[in-house]
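Heads up: the protein sequence lines correspond to chains A and B, in order. Taken in order, the first sequence gives residues 28 to 528; the numbers are from my numbering. Taken in order, the second sequence gives residues -6 to 313; the numbers are from my numbering.
What the hints contain is simulated information worked out from the structure, not anything from laboratory work. Beta carbons are placed, not taken as given, at the ideal position from N, Cα and C, and that holds for glycine. Possibly wrong hints are sitting among the right ones.
Derived DSBU-like pairs (lysine-lysine); straight-line CA-CA distance at most 35 Å [what the hints assert, rightly or not]:
#1 B:Lys219 with B:Lys274
#2 B:Lys104 with B:Lys52
#3 A:Lys379 with B:Lys219
#4 B:Lys104 with B:Lys207
#5 B:Lys272 with A:Lys379
#6 A:Lys379 with B:Lys274
#7 A:Lys379 with B:Lys128
#8 A:Lys524 with A:Lys195
#9 B:Lys207 with A:Lys379
Restraint ranges, calculated between C-beta atoms of paired labels, are given here [unchecked claim]:
#10 B:Lys128 with A:Ser192: 34 to 42 Å
#11 A:Leu59 with B:Arg303: 47 to 55 Å
#12 A:Arg320 with B:Gln169: 57 to 65 Å
#13 A:Met269 with B:Lys20: 50 to 58 Å
#14 B:Lys248 with A:Leu48: 45 to 53 Å
#15 A:Leu426 with B:Thr47: 23 to 31 Å
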Amino acid sequence: MDLLANLALGASVALSGENLLYCLIGSLLGTLIGVLPGVGPVATIAMLLPITFTLQPIGALIMLAGIYYGAQYGGSTTAILVNLPGEASSIVTCLDGHTMARQGRAGPALAIAAIGSFVAGCFATLVVAVVSAPLVSLARAFGPAEYFALMTLGLVLSVVLARGSPLKAIGMILFGGLLSLVGTDVHTGAERLTFGTKALAGGFDFVPVAMGVFGLSEIISNLEKGEGRPQERLADKVHGLMPTMADLKASTPAIMRGTLLGTVLGVLPGASSMIASFASYTLEKKIAKDPSRFGQGAIEGVAGPESANNAGAQTSFIPMLTLGIPSNSVMALMIGAMMIQGIVPGPQVMEKQPALFWGVIVSMWVGNAMLVIINLPLIGVWVRLLDVPYRLLFPAILLLCAIGVYSLNNEPSQVLLTAAAGLLGYFFLKIGCEPAPFLLGFVLGDMMEENLRRAMQISRGDPIAMISSPICAVLLGASALLILSMILPMIARGREKLVED
Amino acid sequence: MRTKAIFAALLLTSITTCAAWAQDWPKRQVTITVVTGAGGSPDTVGRLIASKLTERIGKPVVVENNTAGAGVTGTLAVSRSTPDGHNLVILTGGTPSQQLLRPDQPYNLLKDFAMVTTICAYPMVIAVAPNSPIKTFADLIARAKAQPGKVTYSMNSIGSLHHLLGEWIGIDAGVQMEGVPYRGSPPAFMDVSSGRVDVMIDTGTFVLPQIEQKQLRGLAQSAPGKYALAPDLPAVTETLPNVQIMSWLGFAMAKNTPKPIVDRLNAEITAILDQDDVKQKLAQMGNIPMPSKPEEMLARIDREMAQWKRVIDAKGIKAE
Chain A
28 MDLLANLALG ASVALSGENL LYCLIGSLLG TLIGVLPGVG PVATIAMLLP
78 ITFTLQPIGA LIMLAGIYYG AQYGGSTTAI LVNLPGEASS IVTCLDGHTM
128 ARQGRAGPAL AIAAIGSFVA GCFATLVVAV VSAPLVSLAR AFGPAEYFAL
178 MTLGLVLSVV LARGSPLKAI GMILFGGLLS LVGTDVHTGA ERLTFGTKAL
228 AGGFDFVPVA MGVFGLSEII SNLEKGEGRP QERLADKVHG LMPTMADLKA
278 STPAIMRGTL LGTVLGVLPG ASSMIASFAS YTLEKKIAKD PSRFGQGAIE
328 GVAGPESANN AGAQTSFIPM LTLGIPSNSV MALMIGAMMI QGIVPGPQVM
378 EKQPALFWGV IVSMWVGNAM LVIINLPLIG VWVRLLDVPY RLLFPAILLL
428 CAIGVYSLNN EPSQVLLTAA AGLLGYFFLK IGCEPAPFLL GFVLGDMMEE
478 NLRRAMQISR GDPIAMISSP ICAVLLGASA LLILSMILPM IARGREKLVE
528 D
Chain B
-6 MRTKAIFAAL LLTSITTCAA WAQDWPKRQV TITVVTGAGG SPDTVGRLIA
44 SKLTERIGKP VVVENNTAGA GVTGTLAVSR STPDGHNLVI LTGGTPSQQL
94 LRPDQPYNLL KDFAMVTTIC AYPMVIAVAP NSPIKTFADL IARAKAQPGK
144 VTYSMNSIGS LHHLLGEWIG IDAGVQMEGV PYRGSPPAFM DVSSGRVDVM
194 IDTGTFVLPQ IEQKQLRGLA QSAPGKYALA PDLPAVTETL PNVQIMSWLG
244 FAMAKNTPKP IVDRLNAEIT AILDQDDVKQ KLAQMGNIPM PSKPEEMLAR
294 IDREMAQWKR VIDAKGIKAE
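Sequences and hints are given; from them, build the entire structure.
This is how it looks when you write it as structure tokens:
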């Protein structure tokens, strides 16, 4: 009954007029910046930080949290409509979401993304309220060796989900991994692959690379197609804005599975929300009766990953709320906001500031409800956007991208990098290589290396340490099985061919 | 006679322009560059000062994060900006050692900047998991002595203050500990608090709240004596009298910025740091205010570089 009393306390805080307003402002602002390519929650929250100095701590946190998960909703909109992943976790949404939009089904894709996110958000918020403590011990159980094993699984998953030849996918992963190594090596301090230029000492940022490889290359190839551009034909084909019963039936189990995956993986700091969305996509593809639909506009391919990343966004609050440890830069900003208000983040917040702790949790649920109410009617507006002639739409997208990328570091060089990544992505398209495995390799490559070396350093060079914990054994075992399941059919096919010959 | 008149006229103009510089400033928005990510200690402190400075100088003061080039890009941009007092960069206690380890960086810390003032300071803290068998700082040294190279400590990248302090302790105590590098404090905390790594060496701003929340147990801190915000925590100097270091944040601008502008900014920031609510907010983040004169800040950097050179040479630390 403690929980009910706590939730009641939280509700009394979160549902007060003032805090409802903060929640609404946060959610709206989050949706807006999520939709704008490149402008992320980090820059927004950083700019708002001084304003929070003078607010009540609860209201401030509720608003900042709203911006964060609101951006997750908004981010999927650009991924689906114009193939621009604002964050690592929406890369997967591009695969089937944007294909659906091309087929005139942007409405159902957006609606399923919003509904899936809402279900996932509600469930994950409940998890945050009820089982934060056991889940945080899972986060503690993850050391460098475990992270390495998890990332290995993530990379294997991305090979499995690739549409074309596994060999090409592996090549793309390795290329992405190689690019991620550019910059200062944390273990030796050496500047690697920088060709002596200090500008590369920090390596490449994710957003310019992802935006270029996905979004810009898409624009280039659309323009290449000339008058018969898909978007202009698109609008005639739009049937319904809302998903059909068949869509809902196909999506429901995917939403459930994605929610569970995201909830668990979200607790782990780092790249976990990205791995969660990739894992969810692979899972849906593996258990689908007809895996070939994936990449061709399968609604499960939107429903699962979108639920996974929103669930992960909610449970990534767990390390912050229970340990005072930020799992990403948005959380770091929120901890900064708390400390400047005189609240020391950590396990005692729950006891010393119950109104704040439970108020924020209940506000997450309220915010998710607001977001679904805001987003569903907006779908009509977004889909109308596709009516805009492409010759007007694409310069606007380019301009927004340039502004967004520039604002990341206030650096003009980042805009040039985005353009270069766009050309690279166009080259990938031409030679039939997929950008998704490339980006996963790019995000995970240096982290894997770092964790592998750290694990070896801590175990003093004993390789057994890499597989000695049960978590490592399971994750690496699953990776091995997946690789086998991929190779065996290939070998069998090879034999058939031999026999035929 | 004529030369005298010209000379007098020149003198007069130079005096008036000097005063005019301070009067004209600020002409427009003032930008504070922070070369670490949003949410870090320099960023939060920078935004706090910026909001106060905006009220006092009547022009907007904004913080811009530029993490490109591992911080070199943003710092270089400020050192090369027009020296008119509209571009500041926040330097940290980690900046001097970087100058030593990366002599090829495109600016010279001692020559290419006009220092304004240090802002605040905090010690480094040495801590362990609450259930760690290591009970005191002396205990840590004894264990490290008994098992050379076996005791691990978490640190930031090579040549960070975390690393240099760990090695300095090693030199003065005659022990060898193994530094495990991390990108940022949160992953280091996870490994130390669950016992995979023995000891955490990190900034007071990060560790002190964790000690307060009983998620870590403090062994020692690196201030010259007791640290006001953690009076119960022993100082490293109680065991190793020479080992003391305060990390700090400080403002710098392009060299050749007119002295009146530097002095005006110095006075404004010193006044801000004297406000009670600022002191309180800094304390809540583990900092004590530390305003200083521009030349004191430069002298501090010079002194710290000499001190780190000894550690770097003794341990053969290299960034390669």
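Going down the list of hints, with the structure as the test:
1. B:Lys219 with B:Lys274: 21 Å, holds
2. B:Lys104 with B:Lys52: 29 Å, holds
3. A:Lys379 with B:Lys219: Given that 35 Å is the threshold and the Cα spacing comes to 28 Å, the pair holds.
4. B:Lys104 with B:Lys207: Status violated; Cα separation ~44 Å.
5. B:Lys272 with A:Lys379: Roughly 23 Å between the alpha carbons, so the hint for Lys272 of chain B and Lys379 of chain A holds.
6. A:Lys379 with B:Lys274: Measuring from Cα to Cα gives roughly 19 Å; hence the hint holds.
7. A:Lys379 with B:Lys128: With Cα atoms ~28 Å apart, Lys379 of chain A and Lys128 of chain B stay inside 35 Å; holds.
8. A:Lys524 with A:Lys195: Holds, because 21 Å separates the two Cα atoms, which is no more than 35 Å.
9. B:Lys207 with A:Lys379: Answer holds: Lys207 of chain B to Lys379 of chain A is near 14 Å, not above 35 Å.
10. B:Lys128 with A:Ser192: 34 to 42 Å: Cβ of Lys128 of chain B to Cβ of Ser192 of chain A: about 59 Å, so the range 34 to 42 Å is violated.
11. A:Leu59 with B:Arg303: 47 to 55 Å: 53 Å, holds
12. A:Arg320 with B:Gln169: 57 to 65 Å: 60 Å, holds
13. A:Met269 with B:Lys20: 50 to 58 Å: With Cβ atoms ~55 Å apart, the hint holds.
14. B:Lys248 with A:Leu48: 45 to 53 Å: 48 Å, holds
15. A:Leu426 with B:Thr47: 23 to 31 Å: 29 Å, holds
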